Amino acid sequence: MGATGLFLCLFLVGHLAGNLQLFIGGAEGQLQFNEYAKFMTTNPAVKILSYLTYFSILFHTVDGILLAVENRKARPVKYAYNKPSANSSWASRNMAVLGTLVLAFIVVHMSNFWAQMHWGEIPVQISGPDGTLDEPLKDLHTVVLGFFNPAENSLALAAALLYAFAMVAIAFHLWHGFQSAWQSLGVNHPRYTPLIKGAGKAFSVVIPALFAIIPLYLYFTQAA
Amino acid sequence: MATLNSRIPEGSLGEKWTNHKNSIRLVNPANKRNIDIIIVGTGLAGSSAAASFAEMGYNVKAFCFQDSPRRAHSIAAQGGINAAKNYQNDGDSTYRLFYDTIKGGDYRSREANVYRLAEVSANIIDQCVAQGVPFARDYGGLLDNRSFGGVLVSRTFYAKGQTGQQLLLGAYSALSRQISKGKVQMYNRHEMMDVVLVDGQCRGIIARNLVTGEIERHGAHAVVLASGGYGNVFYLSTNAMGSNGSAAWKAHRKGAYFANPCFTQIHPTCIPVSGDYQSKLTLMSESLRNDGRIWVPKKKEHVEAIRNGSMRPENLAEEDRDYYLERRYPSFGNLVPRDVASRAAKERCDEGFGVNKTGEAVFLDFSSAIMRYGKTEANVQGVKNPSEAQMQKMGEDVVRAKYGNLFEMYEKITDDNPYQTPMKIYPAVHYTMGGLWVDYNLMTNVPGLYATGESNFSDHGANRLGASALMQGLADGYFVIPYTVGEYLADDIRTGPINTNTPEFEVAEKEVKDRIKGFLNSNGKTPVDEFHRRLGRIMWDKCGMARNEQGLKSAISEIQALREEFYRDVKVPGRAEEFNPELEKAGRVADFMELGELMCRDALERNESCGGHFREEYQTEEGEALRDDENYAYVAAWEYTGMPAEAKLHKEELVFENVELKQRSYK
Amino acid sequence: MNLTLKIWRQAGPSVIGKMETYKVSDISPDMSFLEMMDVLNDQLIRDGKDPVAFDHDCREGICGMCSMYINGQAHGPNRGTTTCQLHMRSFKDGDTIYIEPWRAAAFPVIKDLSVDRSSFDRIIQAGGYVSVNTSGNTQDANAIPVPKENADKAFDAATCIGCGACVATCTNSSAMLFVSAKVSQLALLPQGDPERELRVLRMVEQMDKEGFGNCSNTGACEVECPKGISLENIARMNREYLRASVTSE
Ligand SMILES: Cc1cc2nc3c(=O)[nH]c(=O)nc-3n(C[C@H](O)[C@H](O)[C@H](O)COP(=O)(O)OP(=O)(O)OC[C@H]3O[C@@H](n4cnc5c(N)ncnc54)[C@H](O)[C@@H]3O)c2cc1C
Ligand code: HEM
Ligand code: SF4
Ligand code: FES
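Note that the protein sequences, when read in sequence, are chains A, B and C. Mind the numbering: the first sequence is residues 1 to 224 in my numbering, read in order. Mind the numbering: the second sequence is residues 1001 to 1667 in my numbering, read in order. Mind the numbering: the third sequence is residues 2001 to 2249 in my numbering, read in order.
In short, the hints are calculated from the structure, not lab data. Among the clues, some could well be false.
Capping the alpha-carbon separation at 20 Å, the derived lysine to aspartate or glutamate pairs in EDC-like fashion look like this [claimed, not checked]:
| hint | chain 1 | residue 1 | chain 2 | residue 2 |
| --- | --- | --- | --- | --- |
| 1 | B | Lys-1585 | C | Asp-2038 |
| 2 | B | Lys-1571 | C | Asp-2047 |
| 3 | C | Lys-2018 | B | Glu-1578 |
| 4 | B | Lys-1585 | C | Asp-2047 |
| 5 | C | Lys-2148 | B | Glu-1578 |
| 6 | B | Lys-1553 | B | Glu-1616 |
| 7 | B | Lys-1525 | C | Glu-2020 |
| 8 | A | Lys-78 | C | Glu-2020 |
| 9 | C | Lys-2148 | B | Asp-1138 |
Per the computed footprint, the stretches of chain C lying under chain A, defined by three or more beta-carbons under 8 Å from a beta-carbon of chain A, are [unchecked claim]:
| hint | segment |
| --- | --- |
| 10 | 2071–2079 |
| 11 | 2090–2104 |
| 12 | 2170–2184 |
| 13 | 2208–2219 |
| 14 | 2227–2236 |
Computed footprint of chain C on chain A, listed as stretches where at least three residues anywhere in the stretch have a Cβ under 8 Å from a Cβ of chain C [claimed, not checked]:
| hint | segment |
| --- | --- |
| 15 | 39–47 |
| 16 | 87–99 |
| 17 | 108–115 |
For clarity, every value in this text was computed on a predicted model and none was experimentally measured. Note that CB positions come from ideal geometry on N, CA and C, so glycine has one too.
Work out the full structure: start from the sequences and follow the hints.
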């Protein structure tokens, strides 16, 4: 769990770096994003990484669910009166629920874009800011913008809110998960653990927040 | 019944054990597989013996009434374990440990046993360290020592204030290893209800499964009792709630002699009683007397002020304090033996200097130690001219490292912070030197029935020195009984498994069942605890820290009356075939009521004062114990005759060839 | 003080239990929690009712026998405290107190508040020891110097009393804190070194077999552990386990 979890955290960073390009407006942004998208779908190194990611998600999910099921079985009779808030964080006790939310989001998210990119009918970008392109590019940029544009998608607001909400779930998942992964891997040291915990909190707030701003930004700039 | 033969080997003191080991009969390894041994108790004495027997190849069944062998009351021992390692190079030796123990015991123990104990003591430490027991160490990585009462050397090994815990967990791990190999069968939550004798030899026990209530028969070629002490006869003691004298008492009823029952140790430093509801007392380890100073105010007016809360003890001026141990015993000071320290506290409190509401408490004060350590620590850390507060802080840290868990325990119970204000302490029942009579091989006078650890009487005479019970338990279990049992079992290699379908087992089982029925059918109204409390009160008042003829006589008749009332009026709820803690208690209290009577009888018989046994009629002018070596240098071994007060006395004369009998002096 | 007690009553292992309500009065704040329970039982016995069965022995926080889940917390509201060390001054007059047994599949209820923790013993039997003979023919104790820091850490881990509060409080009923305490103690000492791989593998295997849940590092165990056993031990055990898994043949 720890290793895959941390790997997925790395993935989040990579993915975010790509997504932040959506803030670059205009034709330049469109070209850069689509080139990036192409790179991501074709580059062999990225392929390996992406398979690793799929595997991680799968393993992390399956293992996570199996563990959660075992854990439920480990206490057949529940306490009549329990006060777990006295000793542990809410996020730490609800990793499976949070993880499931994240999984649901991942599925939705992939069918929205990833499936389109791979198998869907997608517009093609033929020309960039400096004229005609050597080779036409799949225009994911337009798809994404369109997805969050109320003029083109009647559910754009819902989509933006859903994406933002999913990021809240990830944030909670990571609030506990980031530092927990280190502990699972055996890293606990009086000097470094406080640093890891600090970094984990920062990570779990900053990364999902940046992710969440993107759909909101796209929605509100295009709605205006 | 057999006469008392202590089987002390020939030879000079230093050669006895070696000679004995060389000449003792052995059982060959193949035959050991055909021999079964039962061990009742998994404290230090029981666990270590079980592990050792199993290791040697015997088949072992071990019993304890707790839910795990790891919870035997040895777990609660705090201060440390003695061993003549002389790591501190302060002149310690086997002889000195032997001598201190004999003298500490006020010359009422057997020389040969005590010398053997001192001899094997060093091995214990090696063994425990090899098992991974985390003793305290110094910065060089070597083992550290501290001092205990009644001695002038530092020979006590410790693990903070949790030495018993660490030693027991070590023995428990050795036991666990043998359980996993299948060499020991462990019976948790089982209580031994009786021993079974076949043709005069002990051949098994009757046990009750405490969860299901089932009565079981277990046969064996030898039975070892390692069932701990009987201090709970006083109701309030530092023993665990379940600690009991029943296993030993059952053996006594079946013929084993009970030796020196009146020798009880009252420990000077316990947390005082706070109310009627009190269920047990908590020890503050003797090791605290390394650094704590005991005092009461010199003037009654200050006593008054402290009692009513108008004055804080820490504010009382130095010259108004009476450090009475330092005053009376300048050479040993606060580290006099336990019996001496306890009586001195009682004396001050009886004179009206007790410092709490009940008038039964004295102070144990760490302020000077904290300051002293603080100063040293400041030097070490290179702080020039440290302030009072700095020294206090640093000193507290040193004291915390040494006794942290004890201070915490104290604070939890009393809600007082002992770093800031002196502890209040008072003597309480702690240990029983008396127990089943055993010979040099640790066998009782019943062939095949052994007793080890606190359940026997063997090594501590009339007063046990601190940190010596752990030593004795492990010595008995690891290094003595594994050898000595061969002497008896060598005859048993052809006996074959013990059949439990015999009339002897049947009768014993029936007796146990009838007794249980008796308790459950008694249509009384009063819970067991109330009887126990009342028994305790009688014992404490009349057979406690000070005894006299008249009191003892009246105690005997009071106990007899109480016993009669108990059987008439006790209320034991529930059924026999279920988990029934009240039923367990009823059996134990019933036995205590007989044992208590025997203790009074023994105390009455012993017309002298020695160690923990202080007869008011026999004291020096300064109020010190007055021994009578001419008439009482013997072990009183009592034979059961049906009525404890009419038990028959057998004497084992104590012969001292290597030490000179002297009036104990700690001045 | 007058109190209302809501206590789990269960006649036996295979019977369904339920919470029952009792009242006790004139409780002194200086009483320990178990002394308060004694008062209740005294009252029940005199009323001809079945007293509440609960485990306890030393009543000074060291044997690990006492085990009550009080007001939703293992060993009650105070930190670093066993049930027997809890005093009534931690409650107020008129309070309602919920008292339940440890709840975990691996700790089946025997009766009322008493549970069977022999699963812990079996975990220790799987490897929580140094395989040294009890012969005394070992080398001199000081022949094995141990750096004070390691000795102290090993000691801290070894102070576990095996009470099971860590399991009781863990949302997953995981026994990791208990197991890691023993693994750590022996991993920190040279004496434990020769068997360190086998030990951790076996003990973890047994732990899983007993039906304890999996650790998700909520940290509740460390907070509720009466002996302050640190999560560092769990990390150390994870390290030992990874190492052993990788290197074992
Ligand atoms: C608070 C305290 C602090 C102490 N501190 C020190 C110290 O610092 N140094 C020192 O040397 N000594 C100390 N002592 C004394 C020492 O701890 C004990 O004397 C010693 O541990 C006794 O060990 P044991 O194995 O004989 O018995 P215990 O450890 O008491 O074990 C008795 C065993 O017998 C079992 N048992 C009893 N009756 C039955 C039965 N009927 N059926 C089945 N099983 C039964 C119990 O389950 C238990 O397993 C202290 C004692 C106390 C109470
Ligand atoms: C972006 C996606 C995800 C990331 C970055 C992520 C990250 C993490 C991390 C770092 C941990 C801590 C691991 C540890 O302590 O060993 C963790 C734990 C957990 N995750 Fe995820 N996770 C993600 C998705 C999911 C999904 C889809 C599920 C499936 C339901 C899930 C379920 C769990 C569970 C149950 C745990 C707790 C189990 C444990 O700590 O051992 N996670 N996650
Ligand atoms: S780790 Fe703590 S809570 Fe768990 S069994 Fe040990 S002492 Fe009890
Ligand atoms: S009764 Fe022993 S720890 Fe509470």
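How the hints compare with the structure:
{"no.": "1", "hint": "B/Lys-1585 to C/Asp-2038", "result": "13 Å, holds"}
{"no.": "2", "hint": "B/Lys-1571 to C/Asp-2047", "result": "11 Å, holds"}
{"no.": "3", "hint": "C/Lys-2018 to B/Glu-1578", "result": "19 Å, holds"}
{"no.": "4", "hint": "B/Lys-1585 to C/Asp-2047", "result": "19 Å, holds"}
{"no.": "5", "hint": "C/Lys-2148 to B/Glu-1578", "result": "49 Å, violated"}
{"no.": "6", "hint": "B/Lys-1553 to B/Glu-1616", "result": "14 Å, holds"}
{"no.": "7", "hint": "B/Lys-1525 to C/Glu-2020", "result": "24 Å, violated"}
{"no.": "8", "hint": "A/Lys-78 to C/Glu-2020", "result": "16 Å, holds"}
{"no.": "9", "hint": "C/Lys-2148 to B/Asp-1138", "result": "6 Å, holds"}
{"no.": "10", "hint": "2071–2079", "result": "holds (count 4)"}
{"no.": "11", "hint": "2090–2104", "result": "holds (count 4)"}
{"no.": "12", "hint": "2170–2184", "result": "holds (count 4)"}
{"no.": "13", "hint": "2208–2219", "result": "holds (count 9)"}
{"no.": "14", "hint": "2227–2236", "result": "holds (count 5)"}
{"no.": "15", "hint": "39–47", "result": "violated (count 0)"}
{"no.": "16", "hint": "87–99", "result": "holds (count 6)"}
{"no.": "17", "hint": "108–115", "result": "violated (count 0)"}
Of the hints listed earlier, those the structure fails to meet are numbers 5, 7, 15 and 17, in rising order.
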